[in-house]
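Colleague: Chain residues, written in single-letter form:
There are 2 protein chains.
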Amino acid sequence: MDNFIFENRTKVYFGKGCVREFLVCEAKKYGGKVMLAYGGGSVKKNGIYDEIISLLRDADLETVDFPGIMANPTYEKVLEGARLAREENVGLILGVGGGSVMDCCKAISLAAVYDGDIWKDYWARNGVIGFEPLPLGVVVTVTGTGSEMNGGAVITNEALKVKTGRDYPACNPRFALLDPTYTFTVPALQTAAGGFDTLSHIMEIYFSKPDEDNVSDDIAEALMRGVIKNLPAALKDPEDYTARSNLMWLATMAENRVIKLGKRTDFQAHQIEHQLGAYTDCNHGCGLAVITPPYYRRIYEAGICKFVRFATNVWGISTVGKNSAQVAREGIDALEKFIRDIGLPSRLRDIGVAEDAPLDEIAQSCNISPGSYKQLTHEEIAEILKSNY
Amino acid sequence: MDNFIFENRTKVYFGKGCVREFLVCEAKKYGGKVMLAYGGGSVKKNGIYDEIISLLRDADLETVDFPGIMANPTYEKVLEGARLAREENVGLILGVGGGSVMDCCKAISLAAVYDGDIWKDYWARNGVIGFEPLPLGVVVTVTGTGSEMNGGAVITNEALKVKTGRDYPACNPRFALLDPTYTFTVPALQTAAGGFDTLSHIMEIYFSKPDEDNVSDDIAEALMRGVIKNLPAALKDPEDYTARSNLMWLATMAENRVIKLGKRTDFQAHQIEHQLGAYTDCNHGCGLAVITPPYYRRIYEAGICKFVRFATNVWGISTVGKNSAQVAREGIDALEKFIRDIGLPSRLRDIGVAEDAPLDEIAQSCNISPGSYKQLTHEEIAEILKSNY
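Line by line, the protein sequences are chains A and B.
Under this note's numbering, the residue at position 141 of the first sequence is numbered 224, and the numbers go up by one with no gaps.
Under this note's numbering, the residue at position 264 of the second sequence is numbered 347, and the numbers go up by one with no gaps.
Hints in this document: simulated from the structure, not taken from any laboratory.
Since this is a predicted model, take the numbers as computed values, not measurements.
Among the hints, a few may not be true.
Note that identical chains are pooled: a pair holds if it fits in a single copy or bridges any two copies.
[Claimed, not checked] Cut-off 30 Å, straight-line C-alpha distance, at most; resulting in silico cross-link-like pairs (DSBU-like, lysine-lysine): (1) 312 x 292; (2) 127 x 319; (3) 469 x 319; (4) 389 x 111; (5) 420 x 312.
From just these sequences and the hints, can you work out the full model?
Modeller: Next up, the structure:
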């Protein structure tokens with residue numbers, strides 16, 4: 084294992100009924116108003132908004148609404164939230180939603196108390212946060228990103244056409260409420276995209292050095308098998324509590340830093356998807372589903388031992404009578420088949436990317452991951468995008 | 084998964100050189116003297132004491148020594164440490180050692196600032212800690228207990244002949260420094276006993292309800308396979324950094340609460356061993372090695388599905404042509420063989436338990452675990468002890 088430092092300050096409440104049981108007790112720890120931040124309104128349709136607002140009001144907590152956080156949350160939206168938080172004397176931001184809401188809220192928690200330009204100082208480059216962000220709590224209603232137990236936030240700067248993620252431990256939510264029943268109404272495509280995002284996080288950590296035997300890789304394999312088992316079950320029966328609870332906790336475990344410990348991590352597929360998202364606003368999980376198999380076909384020879392492990396330990400592929408390259412390719416084939424089976428697309432044209440999208444420009448704008456087994460050129464990224472249009 | 088609440092405030096520094104790099108920075112966060120707490124002197128022989136004391140002195144930090152913490156640390160020793168901490172205006176307890184040192188230091192961190200009797204209020208029963216214990220940091224030199232990243236402390240009250248463990252999140256160390264090279268000089272028997280303690284923690288969590296598919300059981304299997312792979316490697320080559328670092332992190336992961344999430348946990352074998360230790364002062368890991376296989380032979384039928392999973396997923400035992408009971412028993416046989424292979428004893432007479440030890444009385448004094456697949460009677464515990472004398 085490589086050397087590492089680990090801490091995680093988020094307090095997690097998990098299980099059916101946890102919002103009703105613990106939200107008020109947590110929210111009362113902070114002064115000022117509670118800023119209820121959410122997305123496009125699904126939490127109003129499914130009753131979660133009403134449940135939360137009545138819990139807070141019954142506890143005499145003042146609230147202010149901040150609706151309309153979009154998928155691929157923009158820097159503009161972050162600034163809007165920060166202004167509202169300052170004007171309304173907000174003491175706690177309560178993000179209710181999935182990764183987009185949580186990520187946006189983390190950036191707001193910084194911008195609301197920082198006098199400078201947080202994009203310039205904290206997203207355009209890694210900065211040092213020498214102050215305490217506005218406290219943030221989250222109620223997860225869509226799983227996948229694992230944003231609930233880390234400081235990571237992916238923000239899109241529309242003016243610059245850049246979608247960038249940073250992970251600042253100071254931005255970890257103070258508390259996270261995870262009730263699997265809240266995800267029962269998530270539509271199939273979003274369930275599949277979120278589950279694939281989780282799988283992608285685990286793969287991007289797993290497919291990186293060091294390759295000598297280490298605890299994190301072993302846990303990663305267990306988590307990948309968990310996604311592969313539980314995602315189809317949740318798609319088959321959206322109210323399967325076992326499947327939904329496993330998917331919810333798998334998403335958190337994939338991104339609470341535990342399986343990154345001692346690992347370098349890759350995240351090249353994410354880097355490509357982020358720029359694709361910045362230019363085309365495509366769905367994150369769907370973008371990853373298109374990009375990942377062709378990306379792995381380009382790099383597996385450079386990380387052949389790990390890809391063989393992936394094929395055998397994660398997908399149960401037999402090695403009998405095959406050479407390593409064959410086994411590795413069968414692992415990627417199995418991944419591709421899984422993507423099809425869960426109903427995710429394999430072509431950019433199927434995820435709303437226009438025919439005249441500037442794929443060369445998108446490819447040129449991508450960061451190259453130093454953790455990849457084989458570092459791609461921008462031209463190779465362009466080929467991946469074009470050949471999978 | 085059952086509902087759960089999770090938080091863990093310990094900051095972990097892991098890897099070769101981490102003590103030299105980070106100890107002073109952490110220790111300087113607290114006022115007053117640093118109380119250097121350790122055991123029987125092995126840290127003086129292997130140079131770790133000298134390294135730490137010179138780091139602290141070079142940083143102008145005043146220190147006071149608290150040596151002589153014994154295996155199975157006593158309540159008397161806790162009170163002695165608390166008195167010293169008060170008299171010497173200690174601002175940070177720095178425990179340097181294995182589980183006994185860390186556990187003793189956690190109890191001292193409470194007793195040093197509590198006016199009442201901590202045994203009565205916090206070990207004889209579960210209490211509520213409404214105050215901040217004296218800050219504690221640890222440098223791990225012997226792995227196994229995983230005490231470095233939880234609030235657990237097992238203390239022996241010699242007067243009462245009771246050895247009891249409690250886990251108070253307030254007692255989590257503020258920081259833990261884990262340098263795998265510090266464990267290179269740990270003797271083979273202690274390495275094996277510590278590794279088996281880790282395996283036992285994982286098994287005691289794994290063999291409990293709920294049995295429906297859950298993330299924690301999947302991670303537990305990965306960790307068990309990790310111990311089974313790395314412990315023999317460390318015994319073969321005590322300076323195998325990969326094996327030592329994996330064992331070190333496996334011990335922490337087994338007890339930092341992650342694999343307990345959503346699980347009820349058993350810990351019956353630990354309950355028996357604790358009383359055996361209270362009466363006979365035997366080595367903890369060795370006691371577990373004697374008790375565990377016969378305990379599992381008594382309960383496996385009540386948890387047959389899980390014992391079959393254990394046999395197949397952890398030990399790779401084939402199910403072909405066998406019924407469930409056979410497979411389950413082969414899993415326990417494999418565990419027993421592993422215990423022999425790593426050089427641990429299988430009889431009480433081999434771990435220093437005297438022929439006239441009051442085994443009936445010891446059995447009667449054991450707590451009965453509500454989490455076990457089949458709750459033992461005190462008579463059954465006595466039979467386990469006697470038939471394995």
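Colleague: With reference to the structure, classify each hint as holding or not holding.
Modeller: Hints, one by one, checked against the model:
no.: 1; hint: 312 x 292; result: both (26 Å within a copy, 20 Å between copies)
no.: 2; hint: 127 x 319; result: within (25 Å within a copy, 61 Å between copies)
no.: 3; hint: 469 x 319; result: neither (33 Å within a copy, 53 Å between copies)
no.: 4; hint: 389 x 111; result: neither (48 Å within a copy, 42 Å between copies)
no.: 5; hint: 420 x 312; result: within (14 Å within a copy, 32 Å between copies)
Hint check: violations occur at hints 3 and 4; the rest are consistent with the structure.
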